[in-house]
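Chemist: Sequence:
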Amino acid sequence: MEYTTEKESMGLPPKVHREGSAAMKTCPDAYHCPVEATIDIVGGKHKVLILWHLSKHGVLQRLMPQATPKMLTQQLRELEADGMLHRELYHQVPPKTEYSLTERGRSFTPVLNAMCEWGGSVLEEMGAEAGRKVVRKD
Numbered sequence: 001m002e003y004t005t006e007k008e009s010m011g012l013p014p015k016v017h018r019e020g021s022a023a024m025k026t027c028p029d030a031y032h033c034p035v036e037a038t039i040d041i042v043g044g045k046h047k048v049l050i051l052w053h054l055s056k057h058g059v060l061q062r063l064m065p066q067a068t069p070k071m072l073t074q075q076l077r078e079l080e081a082d083g084m085l086h087r088e089l090y091h092q093v094p095p096k097t098e099y100s101l102t103e104r105g106r107s108f109t110p111v112l113n114a115m116c117e118w119g120g121s122v123l124e125e126m127g128a129e130a131g132r133k134v135v136r137k138d
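Quick note, the sequence shown lines up with residues 1 to 138 if you use our numbering.
Certain hints may be false.
For lysine-lysine, the following DSSO-like pairs were computed, each having C-alpha atoms within a straight-line distance of at most 27 Å [claimed, not checked]: (1) LYS70 - LYS96; (2) LYS70 - LYS47; (3) LYS96 - LYS45; (4) LYS56 - LYS45.
FYI, nobody ran anything at the bench for these hints, they're computed from the structure.
Let's have the full structure, built from the sequences with the hints guiding it.
Modeler: Written as structure tokens, this is what we have:
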């Protein structure tokens, strides 16, 4: 099946799906390798942390004080558009929104665990080089 658009055949960027501010490509052939597709989905500044905290704790704002509410909302919406999160809106006063991992989001958990393990090892190595012990917080 051919996915190339007329614009693409003229050398313009591949067609992307835009829902909110998400920009996931609609055609698997538009990616050069699987890592590119992964980065396209989870490559935002806070996206991996969002997925990590939801997979472990289920709460975000208190655990991510470095993310502004606007940035957090934008990245949550992009992850939802990419099928990684489910958003449940409760019509109450004050309004309440809950996010949870979808099956696709849960399938990313082993990658998050591996990233945590690798990062912890690097921090321990850096601490040993500096002559101090690093306490892991996972």
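Chemist: All hints, please: hold or fail.
Modeler: Hints versus structure:
no.	hint	in the structure
1	LYS70 - LYS96	holds, 16 Å
2	LYS70 - LYS47	holds, 13 Å
3	LYS96 - LYS45	holds, 24 Å
4	LYS56 - LYS45	holds, 19 Å
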